[in-house]
Structures are given as structure tokens and as C-alpha cells.
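Listed below, chain by chain, are the residues.
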Amino acid sequence: MHREFLMGNEAMALGALAAGVNVVAGYPGTPSTEVLETIAKRNPGDVYVEWSVNEKAGMEVAAGAAYCGARTLVTCKQVGLNVASDPLMSLEYIGVSGGMVILVADDPGPISSQTEQDTRTFGMFSKVPVFDPSSVRDAYQMIQDAFELSERIGSPVIMRPTTRVDHGYEAIEVKDQDEWRSDKPEGFVKDSSRWVIFPRLSVRNHALIEERNTRLTDELSSYPGNFIVPSGAKAGRMGIATHGVSYEYVEEDLSDDPRRPRVLRIATPFPFPERLAVEFLQGLDEVLCVEELDPVIERALVYVCGRHGISCRIRGKLTGDVRSSGENSVESVTAAIDAFLGRPRPAAPAPDDVPQLPVRPPVLCAGCPHRASFLAVKRAMAGRKTIFCGDIGCYTLGNAQPLDMCDTCLCMGAGIDIAQGVFHVEPDTLAFAFVGDSTFFASGITGTINAFYNQAEMTLVVLDNSTTAMTGHQPHPGTGRTVMGDVVRAVSMENVLRGIGLTTVEVVNPLDHELAVETVRRVAAEPGVKAIIFRSPCVVLAKPKAKSRVDASACVGCQRCVRQLGCPALIPQADGRVDIDQSQCTGCTLCEQVCPVHAISGGERL
Amino acid sequence: MSTNIVLCGVGGQGTILASKLIATAAMERGIPVKTAETIGMAQRGGSVFSHVRVGDGAASPLVGRGKADVIVAFEPAEAVRQLPFLRHGGTVVVSNRPVVPVSSMTGGLAYDLDAIMTYLRMQEESGRIGALSVVEARRAELELGSAKCLNVVLLGAAARSGTLGLSVEDMRHAVHERVPERFWELNDHALAWG
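Quick mapping for you: the protein sequence lines, in order, are chains Y and C.
The numbering used here puts the first residue of the first sequence at 1241, with every later residue one more than the last.
The numbering used here puts the first residue of the second sequence at 4, with every later residue one more than the last.
It is possible that part of the hints are untrue.
[Claimed, not checked] Okay, derived cross-link-like pairs now, SDA-like style, lysine to any residue, Cα gap no bigger than 20 Å in a straight line:
#1 C:Lys70 <-> Y:Gln1824
#2 C:Lys70 <-> Y:Pro1586
#3 C:Lys151 <-> Y:Gln1824
#4 Y:Lys1785 <-> C:Lys70
[Claimed, not checked] To give a feel for the contact side, a few chain C residues facing chain Y, derived at Cβ under 7 Å:
#5 Ile34
#6 Arg47
#7 Ser63
#8 Gly67
#9 Ala80
#10 Pro104
#11 Arg163
#12 Ser164
Worth flagging that the hints you see were computed from the coordinates, not collected in a lab.
Just so it is clear, CB atoms sit at the ideal spot from N, CA and C, and this is done for glycine as well.
Take these sequences, add in the hints, and give me the full structure.
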């Protein structure tokens, strides 16, 4: 054992390696991404790691490997599990031979996601057991326990951290590499009565799954991660049930208060440790459930009370004692406990004259080629009836002023299909779908085929910056690199589109502004489904060649560059003229091309 | 008892590295440390923060409101935004250079630097802020000859304030641990600057 300062995601990666994981597949998504990256970085050499094209592919690759007896790990964020839900739902009926852990990072808040869905609930729905760690230390231990459980019951198991565990850091004891498990998988054993899903197998296995999960509610009551913290000497007949990082907030609040209520920490929300819950409820009149996302523990305790005839009032989200949405914090948990225990609240500080602060939402980086692509389409389509369907990635930020080029955004790849739906209702609207390169490969191809087959009219705009930028620049099928470091043949987006049948597929550098505008005008006028690929590398990865500067004597202070581009490197001065922040400028030259008096020069675009 | 530190700024300014440096310095001294980071969409020029808890007795990775001993702000408006986290009489180390958000340039709320700095000074006069240390970012960068070490300048100022529970020397060791050797001299000067 040795001590390391680790991010929760790194700790889970090392936990998986210590458990002897053989195959790892996933798709990037905040807050899960660093798990797979860390496994790739710390790979002892014999672990197969891939960024899959999407979560469904990753789940199926891992399932196949687990059929062979390999220990496998899938990593994704909560909405990624939606994409992989089809294989998961069926896989639970089939089961696995090697231990299979599905690591799904939830995002209360949500901080970087579309939904506040709770994977604990998904576990119940899919009947897959769930582990829910509270800290970095927990996360390291529980992922190893998850592999053990999975292999023992022959079923996939979900590991469900949330953002504060994923992106929290702590110094913890971890195993040395020579202590890691290392097993060679036995290989696939043919048995069509086991691996081929048919209704007869499903109904038989369904019964076995229900039986097993009932058994687990008892077994997991003895799991050390589920525990009761005894009450203080002066406590009343009150209890708090909690989980995840909220447990740490509760402990932060109660510390060694002699009036502290009894605390139940739930690490396996499904199957729920029922015997332990009954023990916890003995002698209590009221319990406050402090949870994030869904009231999973609260519902389970209400059920346990009813089933066992226990008279105890269960409070939480369903009773309005804990807020129903949003991320918990140290103070939101303290406020809920104050109210529950009837503790006096400190007086709110007197309001003072806090100056109004500018809002600071995330923005496209200075020099980002997406800005140029959006501006080209905006200018080309000025005055026309249009819809701009956006998608998931950095380019969702194109919705902000002054670009205002994202009318819809739903989920990965949806923009392409939304555009078709709009076209079928409003054929006179010019429908555009913007999609990033990684998103196109992940889930844009089927939508494009759908549009082509079903005779929609739309312009597909692929914003190709040759990386998965938002999640930290992972490679994808179009980059010709893998996470294992191999150089492979890149999948050509142009060939995919032409293979579908599109006859107009234009590739343009969006930073060549006039050409980009002219291309959009021409392509948008063509019938059917047509595509423009705006190709220019992400500026976070590319090194600038030469930066742009403003000739102060020529700048007339019209600020057209600022108003059109919203580039963070363009800084208006007190006299109205514009200066360029050299630490941010990448020399993309877009401002040079929109300046009406040619006062900006010197940049050299990539 | 733990020392609670809130680092804040704008995505891309280097708050994550700064929090790692503090954590490394604590680790080297054998002091327990927990941190929580902003990773994700906000890193693209949004408001970001890191919470660092140094010492025993920290359960949560996040600092509670009114519980921070020190705020290290890479940007003045972000110092004011995070001020509710500061305990009464806590320390604020702040860079005086604003990063004006695009929203302020394109019709949103204006960025009033004077109002923000005046407000911070008033908080020091009233005792709400125990000690306010304003780092002149432009001068620091000119004198150090680099625009890449504001985070280390701010950490040096914070360490000298005595509120980190870590000395400038501790921070120097941490920098040498985390940063390539060719940048040691620059960073040593940055830690000592001011």
C-alpha cells in the first residue's frame, strides 16, 4: 500500500485496476471522463481500453468481454446511460461471466448536463445493484466491492458517484501495482441456452433476478458500507438517513454534538438493505432523509415502515423538508437539519450594498472556429426564415449573444432529427442542424440517414475541430488516434456522408469568412439533404502562429467586431476603441475580416 | 480544525493548479487535505472555484458559507461573488486585474471595477474582511517578465498572510514538486514577489 492524492475518478480507476479489470470501454462525459483516461495512463500494459463511438457501443463491447469471463468496466455520465439503456436492460436478463461494473457519474445541479436524473432509480428500473460512494476513499473501495459482487451474482453492477465525489480530491491509501489482481479470462464458452435472449429465457431469468435481489436486501444489510452511526448521549428520538456526498455534509454539520441524531448511511440504495433499515428505525419517531436527486431512500423507508408496521414519520423531499431539485451544499443540509431538530437559525447577515456583478457564463474561447462557422451561417441566412438546431458540445455555447445561433438543443445527435421534424411541419423554413465531429460519430449518422431516406430538406453543418473538445480533448473515430496511443485509419466523415447518398458535401475552413458565407448560401439553396463540414482545429490544442493587433490610429471605435463576434480577446477601451488581449488571441483573423476600416491585422490563421 | 481556502477566478486562469499546489504543500507536511474542483463547461471562461480544506476534521470536500479562512481571488468580481464563503474577519487575496466577460461587452450588466474594489475596501474597514491583500497583476507580470505566473504570485501573498497554515517555503517545495525545473526560478521569484 502507498498513499496518493487522488481525484475520485482517479481513485475509481486505480480501484478497477486493483480489482484486475481486463477491458474498459466508455464515452467521455462530465463528470465521468477522467476514470477511463486514468486507466489508460496507469495501464500496466495488458488492459484493453477504448473510447467507444458511444455508450451503447461501449456497453456492448464490455458485455462481450464479460461473456468471456473478463472483468470489464464501462464509464459514462448519467445521460450516457440512456444511450446504453437498451443493452443494459437486456444484459441484466442474460448476465455475465466476468465481473462487470458500469460506472455512471451523476451530476446534481446539474453543472454540466441536460438532466438531473438519478442512476439509483435506473438501477431499480433495470434491476441492477447500485453502489453509491460518499468520498474518494469510499469510491476506491466500493468499485472493488462492486467487481466482487458482480462476479458472485453473475450480473452487471452499477457504480454511481456524483460530481463532488468524481472531482473531489483526497489523499488515500491505495494498493501497489504488485498487489493488483491479475487473471486471464477463461474465454467464451458456447451455450445458446445462456447467451441468446428469447422470451422463455427472459421469464425464467426474471424470476431468478427478483429472487436474488430479495436475498441481497438481507445480505447487503451486513455490507460495511451501509452503517448506522449511533446517536449522541443527549439525542431525542430522531434520525437522519443519507447517502453519497450528502453524508459528508451531514457529518460536517453534526460532528461530535451530544444531541446528534442517529444516522443511517446507505451505500447500496438498490437492493435496499432492509434489515439494517429496520434496526435503524427502532425507537425513532421521526427521520429526515437528506438526499440528492430522487428521494430513493425516503421511498424505501416509507415502504419499510409500512411493511414492518413501524410507526415513524419519514420526512425529506416528498414532504418538502428537503428541496426537490438542485445540488445539496453544506449550508442547504445544515438548514434542513436545523429545521428538523428545531435548532435556532443564525440571523441572516444584514444586506449590504453589494455591487451588481456581471454574469459570467461559459463562452466560446477566443479564436474558436465554431464562432466563425456560426457567423458565416448567420450572415448567409440573414433575413431568411430559418431554424438552427444545436447539439451537445462546446458549440452549444453558440446560443449566447451576440451569436444567438442555437434555437434548440435536446440530447446527443438530436438536432439532426429535430430539424427534420420542423421541416415536415414548416416546409418553408430553412432547417439547419449543427453537430460536432465527435457527436456526429456518436449519434449523428442514423439521423442523417433518416433525413435522406425520408426526403427531408435540411442543411447539416458539421463543426469539425478534430477532437472531443468539451470533455477535455479525447480522440474519436475521425481523429485517427485511439486512447491506447495507436495511430489508426481515420473514419472519413465526407465518405460516410457520400456513402449515405448525399451529393453535396462541402469542406470549408470557417476562418476563411467570405468563402464560408458564400458556401453556406450556395449549399442551403440546394434541395434535399446536404452537408457543409467546417473544418478547423480546436484552438486549445493548436499553437497560434501570429496574433492580431489593432492599429489604434485606424480604429474608429464602431465596435462592430465586439458586437458581432463576442470574442473574449476583444476588449473595448475607455475611449471606445478596441484592443486585443494578446494572452488570449490566437490569430484566427475573424475580427480582421469583419472590421469595416481594416484596422486589425497581423494574425495568421491555422 | 481545518483551514478552509476558497480559490476563485475565471475558467482558464489556473485555479486548479493553484489548489493542487496547496494540496501538495500540505501533503508534503503530512497534513490531511481535501479539495473540490470545478471541471466541465464552466472551464470555458465561466466563473470557477476550488475549495481546499487543510488539516484534520474536514468531512465535506466543500467549504460551507461563512466558513472560509481565506479567499484567493484571481479576479476582483469573482472575489465579491465568493465573499459569502468568507468567515467574519477572514483574509482576501485578490488580483486587481478584471477579466471583463463577453456579456458585459454585448449589452449585459456593465463591469464596474471601481465599485467592486471600493466595496472590497469597505468590507475591510468594517472588519468583515480581516485583511485585504490586493495584488497588482500588471506590475507583477512586468517585473517578473511573464504573464503565466499570476497564480503563484497570489499563492505567495496568501502564504505570507499566514492564513494558509502553510509557509512560503512549503509552497516553494510544492512548486518544485509539480512544475518542470526550467520554471523553478521564475516561480520562486513569483512566490516572493510583492
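(message) Please check whether C:Pro104 passes as an interface residue: C-beta within 7 Å of a C-beta belonging to chain Y.
(response) For C:Pro104, the interface hint holds, since the closest Cβ of chain Y sits about 4 Å away, which is under 7 Å.
(message) C:Arg47 was flagged as interface toward chain Y. Is the shortest Cβ-Cβ separation under 7 Å?
(response) holds (4 Å)
(message) Tell me if the interface restraint on C:Gly67 is satisfied: Cβ within less than 7 Å of some Cβ in chain Y.
(response) At 4 Å from the nearest chain Y Cβ, C:Gly67 passes the 7 Å test, so the hint holds.
(message) Interface hint check: C:Ser63, Cβ to nearest Cβ on chain Y, cutoff 7 Å. Holds or violated?
(response) Holds - the Cβ of C:Ser63 comes within 7 Å of chain Y, reaching about 4 Å at its closest.
(request) With a cut-off of 7 Å on the beta carbons, see whether C:Ala80 makes it to chain Y. (result) holds (5 Å)
(message) Check the hint pairing C:Lys151 with Y:Gln1824 against an upper bound of 20 Å on the C-alpha distance.
(response) holds (12 Å)
(message) Interface hint check: C:Ile34, Cβ to nearest Cβ on chain Y, cutoff 7 Å. Holds or violated?
(response) violated (9 Å)
(message) Next pair to validate is C:Lys70 with Y:Gln1824; report whether the Cα-Cα distance is within 20 Å.
(response) violated (35 Å)
(message) Does the closest beta carbon of chain Y sit nearer than 7 Å to the beta carbon of C:Ser164?
(response) violated (23 Å)
(request) Could you grab the alpha-carbon distance between C:Lys70 and Y:Pro1586 and see if it respects the 20 Å cut-off? (result) holds (14 Å)
(request) Assess, step by step, whether the Cα of Y:Lys1785 is no farther than 20 Å from the Cα of C:Lys70, and give holds or violated. (result) Roughly 46 Å separates the two Cα atoms, so the pair is violated.
(request) Hold the hint about C:Arg163 up to the distance rule: shortest CB distance to chain Y must be less than 7 Å. (result) Hint violated; C:Arg163 Cβ to chain Y Cβ min 24 Å, cut 7 Å.
The structure shown violates the earlier hints numbered 1, 4, 5, 11, 12.
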